[in-house]
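Participant: Each chain is listed here by its residues.
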Amino acid sequence: MTSDATVTKHGPDIPAAVKDAVLAGVIALGIFGPLVGLKTEQNMSNELVITTRWGLVAVIVGIVMAGRFLLTTFIWPTIAVRKQRDKAPPSAGRLAFLASFKKWFPSGSLVFLFLYPAIVVYLLGFQGSLKWVDNFGIQILIYVMLGWGLNIVVGLAGLLDLGYVAFYAVGAYSYALLATHFGLSFWLLLPMAGILAALWGIMLGFPVLRLRGDYLAIVTLAFGEIIRLVLINFRELTNGSAGISSIPKITFFGIWSFDVSAPNNFAKVWGLAMSSAYYKIFLYYLILLLALLTAFVTLRLRKLPIGRAWEALREDEIACRSLGINTTNTKLTAFALGAMFGGFAGSFFAARQGFVSPESFVFMESAVIVAIVVLGGMGSMIGVALAAVAMIGGTELLRELSFLKAVFGDNFDPDQFRMLFFGLAMVLIMIWRPRGFVSAREPTVFLTERKAISGSLVKEGHG
Amino acid sequence: MEIFLQQLINGLTLGSIYGLIAIGYTMVFGIIGMVNFAHGDVFMVSAFIAMIFFLLLTTVFGITSIFLTLIIVLVIAMVLTSLLSWTIERVAYRPLRGSFRLAPLISAIGMSIVLSNFIQVAQGPRNKPLPPMLSGTVTLMEKNGFAATISYKQIMIWVVTAVLLAAFWYVVQKTPLGRAQRACEQDRKMAALLGVNVDRTISLTFVMGAALAAVAGTLYLSYYGVVNFSDGFTPGVKAFTAAVLGGIGSLPGAVLGGLLIGLIETFWSGYFSIDYKDVAAFSILAIVLIFMPQGILGRPEVEKV
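Chains as they are written, first to last, in the numbering used here: chain G, 2 to 464; chain Z, 1483 to 1787.
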């Protein structure tokens, strides 16, 4: 690989780039040749047989070679040139645009979020809106809420938690068990699920107080897995991997029910046609309000001493301790509050699905939530929300690409590529912006004016 | 006594596999201070490569000698897995070196998702069973109808592990390559000043770790006779536990930790409850990290301002 400087001076070095592309092709052939080209399948007598797909391998190798060639001859030099140019400070007009964008974007998107179900219903009717409100609206908002909840732990306090899904599970199982066994209402169990999850947060947070960085991440991962394995194996309580089904729906504060058989069914009371869309729209607003509650609490807490202690802890734990901040309490409150919002989201999830099983709380979920927080830019609320929309919305969109079947044949299912693209996006975004979408650090206290600094200027200790 | 002996044999076999994977974790952590989260999935991919070539050699080329097949499969799996790991380091980790400390970890988690889903898409989500091979056993003790046995497979796993660990030990301790690797582990900047090619050494560390993971993958496949795209995560976490237990950064520690984890797991499932064997492994991970983060053979980490 030639260095960027020589490329910009002499223009692209075509023979070297060709050689490089051929080398990349050989490597791609070595990796994809056996794994893609020789597909193993079980035949009728359960023996594995090999079917070859050399055409597909040729296409992949071709794409890798072309991509590598374009990268070395065109894309990297362009980026290098642009980097040199961008060293000049941005113009006043650009700054003003950014400032106004920052001002109207949160409120603008809030208005859009509140109008979203109405827009979808107007465009597609009640039946058509189901998919857009449920798969996109509710699904994304759950992850926004989880991202914001974890943002307290990872983004503000700088404690990398890879087992956040455990608190989500505690919330979901609390609602599922208490509602099915004792018939308690969602509105009573929501705070209870939050409190239980917060207790678990403190219980699991206590032993890991001394750990930092990667070790903390691995121990929290272990805790998350232990809780999932206990949920699978403690069959007397949790019904094992079969899960808990027929979890009651949420009622509109007990006034209207969304059960079809109930006398106070929402549609019956208002004399509307039966449709599950009302319940979905209700759930949409509920999760929107829950997510906004998370955001509101976080934003207010950031201005309190505890919030500042969190951020100080994130930047440098040793300095924090020498200034007399009680790191034990600071860490435990972060764990407890993050866990509490995870618990809220969990009980909402259980009520929305009507069914919970340990399958929903695998490590992959934790990884997805951590990815959302880090990709968004640790600590930035807008960044986390944007990352959730991009990652969850983007992968949900893949379900909609059925027109690709016309191109690739009938047994092509874009859905199976969902997580593959998710993983690739994680790697690529990290390489492109290692500090996430929004990496600026905004001070909560300032003398005359608020000056944001780039995240790359802060050390980010090993909390 | 027979049950104890049998569990000991099974535990040592499982432990050798964990130990081989753990070396990959411990070397990478030692040299760049990063938990290579995708290592468990590299191990899984290597088992798939072994499975594909085993089928290819036995059904298409019709090689009947089991030892010849295993040796060819082992070599091919080591080469291709090393290539894969080298590429992953080049594409996903090298651009992030010296960057924000969470970035490589997130990139590695992303890579782990990519690998397992790539295999799921390319080879299908179902279990891949191989016909049984090397099915003989040696009976050691027999009493009241229960016999403690060693299967040929287990003997093969021990022999292969021992031979490769010896070869690996020689490379790390006696060759210029190993010296460069140990130098980078102690002080990367100083090693670079003294003319060690740090980038190349880090790449080679990934390659060596992957080659040993490929050995583990091939042995795992021949031991259990079945592999699935999701098989990377749990052995990966257990091998990481082994690396931490033995003292991260220490090569003998990784092997020792692997054997211990293998023994704990089999004894736990033999005497207590098979359902909770993974809980036991994860609990050990948590307990070790909390109470003795330096492990058995590791150096304590000094906190610097």
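Calculated from the structure, these hints are not laboratory results.
Incorrect hints may appear among the rest.
Here are the simulated lysine-lysine pairs, DSBU-like style, with alpha carbons at most 30 Å apart [what the hints assert, rightly or not]:
no., chain 1, residue 1, chain 2, residue 2
1, G, 103, G, 250
2, G, 20, G, 103
3, G, 84, Z, 1635
4, Z, 1671, G, 40
Chain G regions said to be covered by chain Z (calculated; three or more residues, Cβ under 8 Å) [unchecked claim]:
no., region
5, 36-50
6, 211-222
7, 329-342
8, 349-357
No experiment lies behind these values; they were computed from the predicted model shown.
Where is the CB? At the ideal position from N, CA and C, for every residue including glycine.
Participant: Quick one: which hint numbers does this structure break? Sort them smallest to largest.
Facilitator: Numbers 1, 2, 3, 4, 7, 8, in rising order.
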